[in-house]
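Each protein sequence line maps, in turn, to chains A and B. Those letters in the first sequence? Residues 45 to 370, per the working numbering, in order. Those letters in the second sequence? Residues 10 to 127, per the working numbering, in order.
These aren't lab readings, by the way, just hints derived from the structure by calculation. Bear in mind the structure is a predicted one, so any value in this text is a computation, not a measurement. For glycine and all other residues, C-beta sits at the position ideal for the given N, C-alpha and C. Each hint should be verified, as a subset may be incorrect.
[Unchecked claim] For each label pair, taking beta carbons as the anchor points, the in silico distance ranges come out as:
#	chain 1	residue 1	chain 2	residue 2	range
1	A	Ile186	B	Glu26	20 to 28 Å
2	B	Glu26	A	Glu199	23 to 31 Å
3	B	Glu73	A	Leu352	39 to 47 Å
4	B	Gly25	A	Ile186	31 to 39 Å
5	A	Arg188	B	Glu81	32 to 40 Å
6	B	Asp59	A	Glu91	44 to 52 Å
7	B	Leu23	A	Glu91	27 to 35 Å
8	A	Leu279	B	Asp59	46 to 54 Å
9	A	Val338	B	Arg95	32 to 40 Å
10	A	Arg285	B	Met58	41 to 49 Å
11	B	Thr108	A	Gln283	22 to 30 Å
12	A	Ile98	B	Glu15	25 to 33 Å
13	A	Thr134	B	Leu23	36 to 44 Å
[Claimed, not checked] In silico negatives: residues of chain A with every beta carbon more than 10 Å from chain B:
#	residue
14	Thr65
15	Ala76
16	Gln94
17	Gly109
18	Val132
19	Phe176
20	Thr180
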Amino acid sequence: MKETLIDRYVQAVGRRLPAKTRGDVQLELRTALLDAAETRGLNPAAEHDQPGIIALLKEYGPPEGMAASYGSGNALIHPQVMPAYRRVLTISGAIITLIHLVGLMLVIRNTGFDFTVGDVIGNYIKVLLMSFGVITIVFAVIDRTLPDLQIKEPEWDPATLPALLPAADRLDYADTIAELITQIAMVGVFSSLPWDITLPSGPSWALIHDVLTRLTGLLPWFIALSAVDVLIQALKLFQGRWTRLTRWATVLQSLGSVFLLGYASGVIIRILQPGPWDDRVFASIAWTMIVIIVITLGTAANQVRRLLVPKPTPEEALGLPKVGGQ
Amino acid sequence: MVTKEEYPTLLEGLIGELRRGALGLAVLSQLGQPEYGYSLKQQLAAQGMDIPEGTLYPLLRRLEAQGLLESEWRVVDEARPRRYYRISPQGRQALGDLTHEWQVISAALNSLLTGGTK
Numbered sequence: 045m046k047e048t049l050i051d052r053y054v055q056a057v058g059r060r061l062p063a064k065t066r067g068d069v070q071l072e073l074r075t076a077l078l079d080a081a082e083t084r085g086l087n088p089a090a091e092h093d094q095p096g097i098i099a100l101l102k103e104y105g106p107p108e109g110m111a112a113s114y115g116s117g118n119a120l121i122h123p124q125v126m127p128a129y130r131r132v133l134t135i136s137g138a139i140i141t142l143i144h145l146v147g148l149m150l151v152i153r154n155t156g157f158d159f160t161v162g163d164v165i166g167n168y169i170k171v172l173l174m175s176f177g178v179i180t181i182v183f184a185v186i187d188r189t190l191p192d193l194q195i196k197e198p199e200w201d202p203a204t205l206p207a208l209l210p211a212a213d214r215l216d217y218a219d220t221i222a223e224l225i226t227q228i229a230m231v232g233v234f235s236s237l238p239w240d241i242t243l244p245s246g247p248s249w250a251l252i253h254d255v256l257t258r259l260t261g262l263l264p265w266f267i268a269l270s271a272v273d274v275l276i277q278a279l280k281l282f283q284g285r286w287t288r289l290t291r292w293a294t295v296l297q298s299l300g301s302v303f304l305l306g307y308a309s310g311v312i313i314r315i316l317q318p319g320p321w322d323d324r325v326f327a328s329i330a331w332t333m334i335v336i337i338v339i340t341l342g343t344a345a346n347q348v349r350r351l352l353v354p355k356p357t358p359e360e361a362l363g364l365p366k367v368g369g370q
Numbered sequence: 010m011v012t013k014e015e016y017p018t019l020l021e022g023l024i025g026e027l028r029r030g031a032l033g034l035a036v037l038s039q040l041g042q043p044e045y046g047y048s049l050k051q052q053l054a055a056q057g058m059d060i061p062e063g064t065l066y067p068l069l070r071r072l073e074a075q076g077l078l079e080s081e082w083r084v085v086d087e088a089r090p091r092r093y094y095r096i097s098p099q100g101r102q103a104l105g106d107l108t109h110e111w112q113v114i115s116a117a118l119n120s121l122l123t124g125g126t127k
């Protein structure tokens with residue numbers, strides 16, 4: 045079944061409601077809207093009835109207002125000021141991230157990878173949390189001390205409601221940002237290699253030297269894979285969701301990582317085998333690599349599974365509860 | 010002092026305040042038989058009490074949370090399950106008490122309004 049503006053409206057209201065009552069309220073609201081459309085002789089899926097559906101949704105009012113009327117009044121930031129609050133948070137978060145990314149690049153370029161990189165990342169998290177706290181307090185105060193404050197929002201147009209976003213395509217922002225920061229740090233680490241390490245002399249150390257030399261030759265591939273992952277995470281954040289493009293890119297990046305890790309571990313074991321090390325050392329290396337490869341393959345398999353799952357119906361995408369033996 | 014342009018908004022607010030207190034009573038009075046939200050809205054509108062959806066549905070939830078209404082889902086059309094509300098025993102008692110209170114207020118107001126200013 046095709047998703048309609050009514051489904052999008054129900055989703056937009058639901059996003060602003062507590063999880064405990066969301067499904068129930070969404071189900072009732074959707075039925076009410078479908079009833080109202082039917083009474084007016086409108087088919088929500090028909091192209092020629094869209095002006096009528098838009099007029100109906102305008103009567104119900106913006107999703108923020110509808111969600112606010114379900115509120116208990118105890119929220120720290122009420123839904124009326126939530127759009128402005130979110131906008132300020134997004135803009136300040138983007139500015140802070142941009143400034144720190146530039147700072148991180150300058151640090152890596154000028155000093156190589158050292159502890160300063162850790163300082164930049166630590167400072168980024170600190171500033172992000174502080175700005176979040178300050179903005180939240182300011183908006184909570186505005187919300188309470190200026191109850192008649194009218195924040196001028198552009199006239200609400202139901203046609204601009206975002207498309208349905210199934211739960212499987214929703215981003216875990218914390219996870220995505222953590223991966224982005226980790227991969228940027230990895231690019232920094234790999235770019236600053238090889239470090240100037242003086243190895244002691246001796247046959248065993250000569251083998252270690254060979255390993256380091258071979259691994260250094262693989263560095264551009266490691267950098268490329270991390271850079272691709274940085275692009276994937278940035279694209280996910282930009283699009284605000286998982287898409288087929290980011291899923292396929294994740295599959296390819298994971299397969300590339302598996303191949304490279306497998307190859308690198310093969311190189312390490314092959315070079316070190318003539319040395320004096322116990323077989324248990326090689327077994328440890330092999331098992332560590334196998335665990336990492338299995339985890340990475342699991343990530344790729346999960347994305348392939350998501351790509352193969354058929355598109356959910358609007359009811360499934362909205363996560364509506366099953367009631368009365370449906 | 011409001012300007013001529015601001016007066017309609019002021020009046021709208023005052024009417025809203027006047028109606029708000031009576032909405033719960035109006036809803037309770039119509040739920041002797043189970044009704045779902047949209048049918049209740051139409052029933053109320055037909056009797057001159059048009060309540061916007063953004064007010065009616067949350068009000069039904071609040072009255073239910075206060076124990077004055079009971080509700081259950083019924084599925085006639087699978088694509089459109091409906092939540093039916095009906096007055097609870099406690100709601101019936103509240104309806105009686107509120108009706109009495111409304112009649113007292115109404116009589117007093119009528120007397121005040123028809124008596125004119127002194």
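Legend entry - Hint check against the structure, violated hint numbers in rising order: 4, 6, 7, 9, 11, 14, 15, 17
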